[in-house]
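Q: In the order they appear, the protein sequences are chains W and A.
Residue 574 is where the first sequence ends in numbering that gives the first Met the number 0, and the numbering goes up by one at each step.
Residue 574 is where the second sequence ends in numbering that gives the first Met the number 0, and the numbering goes up by one at each step.
Some hints here could point you the wrong way.
One copy or any two copies: either way a pair holds, since identical chains are not told apart in the list.
Simulated crosslink set (BS3-like; lysine-lysine; CA at most 30 Å straight-line) [to be verified]:
#1 K481 to K209
#2 K533 to K209
#3 K393 to K550
#4 K550 to K533
#5 K533 to K481
#6 K202 to K481
#7 K292 to K202
#8 K393 to K209
#9 K209 to K292
#10 K550 to K386
#11 K292 to K550
#12 K202 to K550
#13 K202 to K533
#14 K393 to K202
#15 K209 to K550
#16 K292 to K481
#17 K533 to K386
#18 K481 to K550
#19 K386 to K292
Just so you know, these hints were derived from the structure itself, not from any lab.
There are 2 protein chains.
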Amino acid sequence: MRIQALLPEWLRLYRRDWLSGDLTAGLIVTVMLIPQSLAYAMLAGLPPQVGLYASILPLFAYALLGSSMTLAVGPVAVASLMTASALAPLAAQGTPEYLTMAILLALLSGLMLVAAGLLRLGFLAWFLSHPVISGFISGSAVLIAIGQLKYLLGVQFSSTGVLSTLGGLITHLPETNSVTASIGLTALAFLFFARTHLARLLKRIGVPAKVAELATKLAPMVAVVASTATVASLHLEQTAGVAIVGQVPAGLPALALPLPGWTALNALWIPALLISLVGFVESVSVAQSLAMKRGQRIQPDRELLGIGAANIASALSGGFPVTGGFARSVVNFSAGANTPAAGVISAVMMSVVLIGLTSWFHYLPHTVLAATIIVAVLGLIDTHTLKAAWRYDKADATALLLTFFGVIVVGVEAGIVIGVALSLAVLVWRSSHPHMAVVGRVPGTEHFRNVERHQVETLPGMIALRIDESIYFANAQLLEEKLETLLQQQPGTRDVLLILSAVNQLDTTGLGMLTELEQSLSARALTLHFAEIKGPVLDRLQGTPLGQRMKARIHLSTHQAFLACGAGHSEKSHA
Amino acid sequence: MRIQALLPEWLRLYRRDWLSGDLTAGLIVTVMLIPQSLAYAMLAGLPPQVGLYASILPLFAYALLGSSMTLAVGPVAVASLMTASALAPLAAQGTPEYLTMAILLALLSGLMLVAAGLLRLGFLAWFLSHPVISGFISGSAVLIAIGQLKYLLGVQFSSTGVLSTLGGLITHLPETNSVTASIGLTALAFLFFARTHLARLLKRIGVPAKVAELATKLAPMVAVVASTATVASLHLEQTAGVAIVGQVPAGLPALALPLPGWTALNALWIPALLISLVGFVESVSVAQSLAMKRGQRIQPDRELLGIGAANIASALSGGFPVTGGFARSVVNFSAGANTPAAGVISAVMMSVVLIGLTSWFHYLPHTVLAATIIVAVLGLIDTHTLKAAWRYDKADATALLLTFFGVIVVGVEAGIVIGVALSLAVLVWRSSHPHMAVVGRVPGTEHFRNVERHQVETLPGMIALRIDESIYFANAQLLEEKLETLLQQQPGTRDVLLILSAVNQLDTTGLGMLTELEQSLSARALTLHFAEIKGPVLDRLQGTPLGQRMKARIHLSTHQAFLACGAGHSEKSHA
Numbered sequence: 000m001r002i003q004a005l006l007p008e009w010l011r012l013y014r015r016d017w018l019s020g021d022l023t024a025g026l027i028v029t030v031m032l033i034p035q036s037l038a039y040a041m042l043a044g045l046p047p048q049v050g051l052y053a054s055i056l057p058l059f060a061y062a063l064l065g066s067s068m069t070l071a072v073g074p075v076a077v078a079s080l081m082t083a084s085a086l087a088p089l090a091a092q093g094t095p096e097y098l099t100m101a102i103l104l105a106l107l108s109g110l111m112l113v114a115a116g117l118l119r120l121g122f123l124a125w126f127l128s129h130p131v132i133s134g135f136i137s138g139s140a141v142l143i144a145i146g147q148l149k150y151l152l153g154v155q156f157s158s159t160g161v162l163s164t165l166g167g168l169i170t171h172l173p174e175t176n177s178v179t180a181s182i183g184l185t186a187l188a189f190l191f192f193a194r195t196h197l198a199r200l201l202k203r204i205g206v207p208a209k210v211a212e213l214a215t216k217l218a219p220m221v222a223v224v225a226s227t228a229t230v231a232s233l234h235l236e237q238t239a240g241v242a243i244v245g246q247v248p249a250g251l252p253a254l255a256l257p258l259p260g261w262t263a264l265n266a267l268w269i270p271a272l273l274i275s276l277v278g279f280v281e282s283v284s285v286a287q288s289l290a291m292k293r294g295q296r297i298q299p300d301r302e303l304l305g306i307g308a309a310n311i312a313s314a315l316s317g318g319f320p321v322t323g324g325f326a327r328s329v330v331n332f333s334a335g336a337n338t339p340a341a342g343v344i345s346a347v348m349m350s351v352v353l354i355g356l357t358s359w360f361h362y363l364p365h366t367v368l369a370a371t372i373i374v375a376v377l378g379l380i381d382t383h384t385l386k387a388a389w390r391y392d393k394a395d396a397t398a399l400l401l402t403f404f405g406v407i408v409v410g411v412e413a414g415i416v417i418g419v420a421l422s423l424a425v426l427v428w429r430s431s432h433p434h435m436a437v438v439g440r441v442p443g444t445e446h447f448r449n450v451e452r453h454q455v456e457t458l459p460g461m462i463a464l465r466i467d468e469s470i471y472f473a474n475a476q477l478l479e480e481k482l483e484t485l486l487q488q489q490p491g492t493r494d495v496l497l498i499l500s501a502v503n504q505l506d507t508t509g510l511g512m513l514t515e516l517e518q519s520l521s522a523r524a525l526t527l528h529f530a531e532i533k534g535p536v537l538d539r540l541q542g543t544p545l546g547q548r549m550k551a552r553i554h555l556s557t558h559q560a561f562l563a564c565g566a567g568h569s570e571k572s573h574a
Numbered sequence: 000m001r002i003q004a005l006l007p008e009w010l011r012l013y014r015r016d017w018l019s020g021d022l023t024a025g026l027i028v029t030v031m032l033i034p035q036s037l038a039y040a041m042l043a044g045l046p047p048q049v050g051l052y053a054s055i056l057p058l059f060a061y062a063l064l065g066s067s068m069t070l071a072v073g074p075v076a077v078a079s080l081m082t083a084s085a086l087a088p089l090a091a092q093g094t095p096e097y098l099t100m101a102i103l104l105a106l107l108s109g110l111m112l113v114a115a116g117l118l119r120l121g122f123l124a125w126f127l128s129h130p131v132i133s134g135f136i137s138g139s140a141v142l143i144a145i146g147q148l149k150y151l152l153g154v155q156f157s158s159t160g161v162l163s164t165l166g167g168l169i170t171h172l173p174e175t176n177s178v179t180a181s182i183g184l185t186a187l188a189f190l191f192f193a194r195t196h197l198a199r200l201l202k203r204i205g206v207p208a209k210v211a212e213l214a215t216k217l218a219p220m221v222a223v224v225a226s227t228a229t230v231a232s233l234h235l236e237q238t239a240g241v242a243i244v245g246q247v248p249a250g251l252p253a254l255a256l257p258l259p260g261w262t263a264l265n266a267l268w269i270p271a272l273l274i275s276l277v278g279f280v281e282s283v284s285v286a287q288s289l290a291m292k293r294g295q296r297i298q299p300d301r302e303l304l305g306i307g308a309a310n311i312a313s314a315l316s317g318g319f320p321v322t323g324g325f326a327r328s329v330v331n332f333s334a335g336a337n338t339p340a341a342g343v344i345s346a347v348m349m350s351v352v353l354i355g356l357t358s359w360f361h362y363l364p365h366t367v368l369a370a371t372i373i374v375a376v377l378g379l380i381d382t383h384t385l386k387a388a389w390r391y392d393k394a395d396a397t398a399l400l401l402t403f404f405g406v407i408v409v410g411v412e413a414g415i416v417i418g419v420a421l422s423l424a425v426l427v428w429r430s431s432h433p434h435m436a437v438v439g440r441v442p443g444t445e446h447f448r449n450v451e452r453h454q455v456e457t458l459p460g461m462i463a464l465r466i467d468e469s470i471y472f473a474n475a476q477l478l479e480e481k482l483e484t485l486l487q488q489q490p491g492t493r494d495v496l497l498i499l500s501a502v503n504q505l506d507t508t509g510l511g512m513l514t515e516l517e518q519s520l521s522a523r524a525l526t527l528h529f530a531e532i533k534g535p536v537l538d539r540l541q542g543t544p545l546g547q548r549m550k551a552r553i554h555l556s557t558h559q560a561f562l563a564c565g566a567g568h569s570e571k572s573h574a
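Okay, chain W solo, but in the shape it has when bound:
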């Protein structure tokens, strides 16, 4: 009884008829996961087995604590790129220090996520706007694809940054290994074909639509098997110098947890924070959109715990940062996964691979892994959001493009910081230039509208200004300037009415401005009135000196304010 209460809900309530869906999904995801885990380890600059290690325990951990029924956790492209980028200045690829740093990065990231989950900080993920996330992911995808070209062509050089990579590619293009390039480009063409045309072709020859869709997901595995067989049978690694994966140690990872020293902690906490943020945002938005399709819900704070635990588990078993991936989760969903049991099944099968089948990857050529990565990440490039944002809101589209180019030109970490800063800048920029309208009464009604858009009545000697934004530090000054301009235009003014129906907040700076304004107006024999103050704003205003002074001049509605100021009659009308 007690033990059962500790189990996750899906396991306590597990129904036998869910099993076939979970088994199918687990199997298909495993077939995708094997090449991807090897490829993303390579992308992160780590030995291939590290990718396999990161595909076992994290899946168990997420199944125990996560809230999504269909999220597929494990190594993903963007987090792997961020790992490589974070570790590049700290240690050389291939050294034990590099591996240790990668494990520590997963550990720190996991601890941060769990801490955020316990503190219920899931909402922080929403501080990245949708366009900025889109620009970040697309930019990372381009960066990853460019980085893989040298492996695809079998060219060797080292580079820092996208320009030096492109320059290196051009300089070293004559050194292309033609056999490697042939294998890689063939795999690339095949994978593209599988993504774009295979499903249609299969459907045309009578394969059921769903089976055809899922079959295309097996293409990377087909490319892996075919290319490995080719290289092994012709010994192309010796005769033609094709780079291969080589020895992959067999056996499950030993459990151990390196503890970070102060130096490592100091160097890694910012990258760990950024990886946590991006990984969480990426996986929670996938989990969310999949859950909505079935009318299910996810809990962001539980997701923090689940992904955090997955990262700690990854570190414990010698792996690197993991999160919920887009492509595998979608496949998991459409292959019929009902519960995280699908993930557990994947993890068990990955263990079998690690125990007995690692020798099969010996002759797997790097170029095919590069082709797998390129096709996978190009699927992440999102032009739809850009188009929609461009039509709807140029500022959001600009933030998207700046983040995109920021990631490519300045790098993946600077890119995400640029993105967050831009999200906030756009927000502040907008609310710092609020819409304000002088209003008058629609004749015969109690409705008040913009004098510039509607045929309305105004009171002589009165300015009625509606403010369509919260009043706070970034726009308080502008409101004051607007009023002074209106007062200069209408010298006979006696009453100034501010209509606050859209003022959701009034901060200390805004309150200070209104207090000064009231004093300055009354020094000039002008009377300030407020109307339609919202409950929460009024509650706080009443405790202030301004609230006390204004008591008799706070009107429930614009109509009542007009009655009070003009004894109800109107004498002047605008077009």
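Following the hints, complete the assembly by docking chain A onto the known chain W.
A: Okay, now just chain A, sitting in the frame of chain W:
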């Protein structure tokens, strides 16, 4: 005629009866400016004459281009502290490089301000909230006062940061120069007395109130003259080792403009930006509040040009960063300054001092300058804003305190960055947790109110939710969660009405959420309605796929939405 058009308006329209006010104010400000300019040069780590240089040309430049009639420009405490803090890692005090860097800092700062003025970026200054500015100025004041204690006591040690300064003071306390400390503490006590009691005392013996107030401003000059005479007559600099100002070169500064190299530019642009920002905000808020007292107006973009030109003029004449100071401006105002002619008169008198009277400062003891600085900056500590913010808004008060301690503990530059970040964080935090209310109809009216606060009628099968905030990336998710929670609580729901009267903006992320929401609701046979969308939001919404789909379900008023959903009758009522 042509030349006249180039002159500033105040000069073209100058009236003879303004002259006496300008002369009096110019004279009194000069008497304050002499000790302050020497003291702030010392605070910035520069030779005393640099303070005098920065008090001549900048005043002319501001008089030509600024828009305030009463702002007193010149060296100020906070900008001097920021100069010292910026240059500390770059050059050693007393070296020619240090002086050059200070001049370059003024030049860069001036160019940035002029550029911002030409680009009409004055509004950027409002991104610092009032509480954050208050915390920053108070923190700087404490930092400055602590830094002056060693000069006050005649103790010598070098320190970095406030803790090492305090530690050094305690360690070296036994080395206090008793003569220096006696002079300094006497001056300090006298200046405090002058600030707190002298005006009252003078009034009691029959001096007119205004004259008494202004007389207290002469106290620093009295302290300077008395202490200089004492040191000179007793030769305390030799007999007791009292640190004195020493030789101050006579004569006006040579005009020259050092051009920054790339290294200097790279090291100085961030400090220059921060000094510009803080200097502009400080001076524009003084100018603003003084202008309002006389019903005048200032133009923020003209202020940028004026203060920018003042800094370029300072650099041109071998000075350091300047801005409009709080204390001198208030004195200038109350001494009757009518136009910037008062500043021109100060500048002319400062030139006379530089040409003929610098030898008078030879025996001026450092300890008295330190006392002057301490009394001046303690007047900047603002507890009023903290108290008001604490009562009105704990988040603003917290931002104030964190900025205050940030300046003291981490330093003046980090402090201002912390302040800006906190301003934005508070803004986003607030709007990311919007107030939302389920509403119903007040019986017999067309008014709709919160069901939890009022006795209202609701329609069975309908949820009417009013959102009191713009919908954007940081709160879109929360809105969706709120709705799902309501739907789980009310399983019989058929219609969901969102009342958008307080939604001033809808960004791409918010639009995406509403689009997904509409799809997810209609997949569950629920109908989404909107009511009271604001004009600007509706204009943009209509061009989107969501706007097209919702066309028939966008209602002008909540009342009309209730009519459409419930055929006008109400069947259920809440308490």
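Q: Can you give the numbers of the hints that this structure goes against, from lowest to highest?
A: Of the numbered hints, 1, 2, 6, 8, 12, 13, 14 and 15 do not hold.
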